[in-house]
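**Q** Kindly produce the complete structure, drawing on both the sequences and the hints.
Number of protein chains: 4
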Amino acid sequence: MEDVQGSVDTRQIPINRVGIKDIQHPITVLGKDGRRSASIATFSMSVSLPHDQKGTHMSRFIQMLNETETEISAKNFNKMLSSMVERLEAESGYIEMQFPYFIEKTAPVSGVKSLMDYQVNLVGQIEQGHIDATLEVTIPVKSLCPCSKKISEYGAHNQRSHITVGINCSSKLWLDELIKSVEAQASAELFAILKRPDEKYITERAYNNPKFVEDVVRDVADVFDQNDRILRYYVHAENFESIHNHSAFAVVEHDKSV
Amino acid sequence: MEDVQGSVDTRQIPINRVGIKDIQHPITVLGKDGRRSASIATFSMSVSLPHDQKGTHMSRFIQMLNETETEISAKNFNKMLSSMVERLEAESGYIEMQFPYFIEKTAPVSGVKSLMDYQVNLVGQIEQGHIDATLEVTIPVKSLCPCSKKISEYGAHNQRSHITVGINCSSKLWLDELIKSVEAQASAELFAILKRPDEKYITERAYNNPKFVEDVVRDVADVFDQNDRILRYYVHAENFESIHNHSAFAVVEHDKSV
Amino acid sequence: MEDVQGSVDTRQIPINRVGIKDIQHPITVLGKDGRRSASIATFSMSVSLPHDQKGTHMSRFIQMLNETETEISAKNFNKMLSSMVERLEAESGYIEMQFPYFIEKTAPVSGVKSLMDYQVNLVGQIEQGHIDATLEVTIPVKSLCPCSKKISEYGAHNQRSHITVGINCSSKLWLDELIKSVEAQASAELFAILKRPDEKYITERAYNNPKFVEDVVRDVADVFDQNDRILRYYVHAENFESIHNHSAFAVVEHDKSV
Amino acid sequence: MEDVQGSVDTRQIPINRVGIKDIQHPITVLGKDGRRSASIATFSMSVSLPHDQKGTHMSRFIQMLNETETEISAKNFNKMLSSMVERLEAESGYIEMQFPYFIEKTAPVSGVKSLMDYQVNLVGQIEQGHIDATLEVTIPVKSLCPCSKKISEYGAHNQRSHITVGINCSSKLWLDELIKSVEAQASAELFAILKRPDEKYITERAYNNPKFVEDVVRDVADVFDQNDRILRYYVHAENFESIHNHSAFAVVEHDKSV
Chain A
1 MEDVQGSVDT RQIPINRVGI KDIQHPITVL GKDGRRSASI ATFSMSVSLP
51 HDQKGTHMSR FIQMLNETET EISAKNFNKM LSSMVERLEA ESGYIEMQFP
101 YFIEKTAPVS GVKSLMDYQV NLVGQIEQGH IDATLEVTIP VKSLCPCSKK
151 ISEYGAHNQR SHITVGINCS SKLWLDELIK SVEAQASAEL FAILKRPDEK
201 YITERAYNNP KFVEDVVRDV ADVFDQNDRI LRYYVHAENF ESIHNHSAFA
251 VVEHDKSV
Chain B
1 MEDVQGSVDT RQIPINRVGI KDIQHPITVL GKDGRRSASI ATFSMSVSLP
51 HDQKGTHMSR FIQMLNETET EISAKNFNKM LSSMVERLEA ESGYIEMQFP
101 YFIEKTAPVS GVKSLMDYQV NLVGQIEQGH IDATLEVTIP VKSLCPCSKK
151 ISEYGAHNQR SHITVGINCS SKLWLDELIK SVEAQASAEL FAILKRPDEK
201 YITERAYNNP KFVEDVVRDV ADVFDQNDRI LRYYVHAENF ESIHNHSAFA
251 VVEHDKSV
Chain C
1 MEDVQGSVDT RQIPINRVGI KDIQHPITVL GKDGRRSASI ATFSMSVSLP
51 HDQKGTHMSR FIQMLNETET EISAKNFNKM LSSMVERLEA ESGYIEMQFP
101 YFIEKTAPVS GVKSLMDYQV NLVGQIEQGH IDATLEVTIP VKSLCPCSKK
151 ISEYGAHNQR SHITVGINCS SKLWLDELIK SVEAQASAEL FAILKRPDEK
201 YITERAYNNP KFVEDVVRDV ADVFDQNDRI LRYYVHAENF ESIHNHSAFA
251 VVEHDKSV
Chain D
1 MEDVQGSVDT RQIPINRVGI KDIQHPITVL GKDGRRSASI ATFSMSVSLP
51 HDQKGTHMSR FIQMLNETET EISAKNFNKM LSSMVERLEA ESGYIEMQFP
101 YFIEKTAPVS GVKSLMDYQV NLVGQIEQGH IDATLEVTIP VKSLCPCSKK
151 ISEYGAHNQR SHITVGINCS SKLWLDELIK SVEAQASAEL FAILKRPDEK
201 YITERAYNNP KFVEDVVRDV ADVFDQNDRI LRYYVHAENF ESIHNHSAFA
251 VVEHDKSV
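Those sequence lines, one after another, are chains A, B, C and D. Sequential numbering from 1 applies to the first sequence in the working numbering. Sequential numbering from 1 applies to the second sequence in the working numbering. Sequential numbering from 1 applies to the third sequence in the working numbering. Sequential numbering from 1 applies to the fourth sequence in the working numbering.
What the hints contain is simulated information worked out from the structure, not anything from laboratory work. There could be a bad hint or two in this list.
Same chains, same label: a pair holds when it works inside one copy or across any pair of copies.
Here are the computed lysine-lysine pairs in the DSBU-like style, where the Cα-Cα straight-line distance is at most 35 angstroms [said to hold, decoys possible]:
no.	residue 1	residue 2
1	172	79
2	32	172
3	105	79
4	195	150
5	256	32
6	195	79
**A** Structure follows, in structure tokens:
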């Protein structure tokens with residue numbers, strides 16, 4: 001049966017990336033304490049294609065997912081990148097995998113435990129054997145407006161916010177640690193279960209700790225600047241404003257090597 | 001050229017609805033004061049199909065959209081339903097059209113004007129000549145938690161909420177009136193532009209006016225119960241909780257004829 | 001600390017449903033052969049609230065999720081409904097849980113194995129002790145247009161389609177069986193990995209098996225009509241038309257008890 | 001009333017971008033022939049913030065939208081960028097506006113006219129007075145698989161595809177021209193209304209014109225390479241595969257100045 005993809009192309013146009021996307025696959029995430037948790041990831045996998053090759057072999061990407069147990073850790077992710085370019089006989093490759101990650105959190109006063117979900121996105125690229133990977137996480141928190149607090153006789157508008165951070169590290173940084181360090185910079189952190197004493201605590205903590213979206217990105221950036229394992233990062237914060245029908249957002253990017 | 005759709009079907013299975021969906025088309029919305037505003041609607045249009053007919057003629061739905069100027073008003077919507085079943089030679093028909101609608105609002109203290117957007121959904125059904133139409137609108141507002149206020153020494157958690165109402169009326173009820181009557185039941189309403197004195201006003205008003213998601217649906221239901229033009233309604237409120245990563249919601253439905 | 005939610009309400013308006021939504025939680029799905037697979041569900045849980053009660057206790061819904069292992073099976077789902085209304089002291093309750101479900105499929109010629117994902121939605125309601133549950137699944141397939149085939153000298157337009165079925169059963173019907181019976185009614189079924197001989201097989205099978213969106217819903221309805229365990233169903237098919245930028249869809253609903 | 005945003009910040013961290021997003025606003029789009037068409041855009045507007053300034057003045061972004069008629073053309077977009085950084089007293093600024101755009105198309109055989117919708121995204125950046133703008137459009141088309149055609153005795157799988165192009169030009173390139181030149185590179189273009197002779201034409205044209213996702217990006221790249229007004233571009237094509245439940249995609253990027 002003819003291999004149309006394998007035939008020669010004469011248009012002289014190399015392709016930066018070709019592959020598959022929006023495929024869901026079950027995965028296992030390896031946590032700090034050796035804990036393994038199940039999740040479901042949405043994958044995008046692609047490779048470069050030289051100018052003289054008509055097409056790539058799409059089914060090989062999916063075979064990779066179906067042959068491995070796909071346990072996700074920094075080490076395995078790098079292996080996936082290497083084996084993908086080898087298998088597809090490509091110079092460069094790119095993998096993105098997004099999945100929900102759960103952490104058991106303890107309510108601040110009652111001590112009640114509940115799971116909180118975070119959206120994780122691993123983005124990696126391999127080019128001539130060199131790997132560059134970014135760990136991105138979206139962390140939902142509470143923000144309380146300093147202006148509203150200052151000018152009002154009582155109360156202050158507050159809302160759910162998303163802090164999305166992307167980091168590039170020299171050595172391993174566990175998801176749980178990263179998330180904890182970011183949540184500490186919000187007006188208050190979120191929990192799935194809060195009993196009344198917890199709700200009082202969170203309400204008062206947020207009121208005592210007002211932050212603009214600008215403050216949030218600066219405070220997270222400050223923490224990341226002081227962490228030597230982080231070589232490069234971006235911090236994006238978005239407030240789903242409770243006095244408007246639109247969002248306020250801010251971004252800080254920093255590459256320490258520059 | 002053979003008309004496959006028009007051939008006879010022998011499976012003895014009538015089809016409740018068949019048609020098209022997810023098609024965008026520009027429309028004109030007719031407002032209370034004769035004001036015409038442009039919008040873009042996403043349409044779903046379908047008809048019933050008797051058991052002995054193989055297929056419907058899909059292109060006729062789109063032709064209806066492309067032949068008319070599609071000025072939206074209660075009267076025109078009913079006409080669309082009638083002419084659709086006539087054109088498709090069907091016993092019953094169904095149209096759903098969703099579009100953003102803008103109202104110019106005036107900030108409460110500074111008087112600054114700005115546009116606020118609302119998502120409208122017109123849902124209509126015609127069966128043996130009888131038309132039944134529901135006007136649905138999603139109205140973004142602010143809610144402030146009564147429990148959080150009561151138990152905390154200062155502050156109270158608040159957040160953006162969506163109140164979605166669906167009404168069936170005996171006589172015309174303008175969108176602007178409907179939206180205004182619903183916004184008045186929230187802890188506070190939203191604006192695209194708020195100057196500092198406005199922000200103070202909204203912050204304090206919300207603090208003085210705490211409402212659970214249950215309070216919001218009850219207060220809107222109360223207003224609708226007293227409006228004789230409304231024959232049937234539902235009220236759905238969703239709080240994008242600022243202390244959790246999930247929503248709280250409540251629903252009240254009432255058919256006054258029952 | 002005052003229990004605001006527990007106080008008395010005087011507005012005389014009962015609430016049909018109040019609860020939480022859009023919360024993600026890991027689950028275990030029990031399959032036919034005793035196989036347990038991990039997934040992540042998005043939950044909506046709510047109860048009725050009598051007119052004289054101000055609010056429900058939202059944290060109890062989440063506590064239910066965090067206390068149980070949440071192994072999903074028909075039996076466990078019914079238990080969740082019962083224990084929810086008991087715990088919330090409510091007359092009626094409602095749970096909806098959506099999650100991806102994976103089936104290992106074997107390519108038709110090469111025999112290569114790969115996972116295929118389906119979106120499942122369990123919807124259940126309990127009212128005065130009586131439970132009514134619907135199992136809904138969305139099954140992606142291929143449809144090929146009979147009209148395009150008939151009138152063209154070669155080729156025929158075809159596209160990805162979603163068949164969404166909702167069934168109410170007298171006795172257990174396994175997801176794998178249900179999905180298989182629906183896939184058989186499409187022009188062809190989908191696979192994550194197809195080798196060239198498989199691709200030839202699927203292409204030719206679809207061409208030999210043209211179906212309008214009307215044919216698909218009728219053929220699935222026919223299968224469900226002949227299955228005595230199914231008491232009530234709906235079939236919704238949507239073709240993401242490859243010659244248009246909109247969808248064609250059709251719906252058949254049948255309650256055998258009527 | 002205190003201006004909290006205007007106070008001094010001591011953290012020594014400049015902010016790359018701060019502003020608003022996800023706000024909808026009606027716009028007028030200026031077409032080639034002077035035709036004005038109404039649309040609704042979703043805006044993101046942001047500016048840089050120096051390290052010593054605590055916050056930006058968010059309401060000014062929205063005031064810009066509410067004060068102007070916001071007629072969209074290349075010239076006006078550049079003016080918006082300039083006036084934004086002036087108004088916000090910022091060194092650099094960024095605007096993104098996404099909106100649907102409609103073109104009246106004529107069916108290839110019957111000549112029936114209908115509207116087709118395209119998603120447009122204008123992305124612009126101003127830095128120390130220098131403006132850099134990208135016009136991005138997503139163009140839905142049909143793709144037909146060359147491999148499936150070659151190996152099968154009859155038929156070939158085909159599907160809806162999205163070609164998303166982003167271009168940076170030296171002089172004006174009208175949306176209608178750009179879209180037309182891209183549609184010509186697909187296996188076939190799409191229409192909202194096709195009569196049977198049109199459907200036959202499109203079906204056969206696609207079958208005579210098979211293209212992998214790799215072919216589509218190369219053929220569009222080839223057209224752009226030959227257009228001297230285009231200085232820089234990217235082409236992204238995504239096939240919603242009709243034999244799989246995932247997409248195939250390819251990307252070519254080219255900066256002619258490099």
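**Q** Let me make sure I understand: some of the numbered hints might not hold for this structure. Which ones are they, in numerical order?
**A** The structure conflicts with no hint, since it agrees with every one listed earlier.
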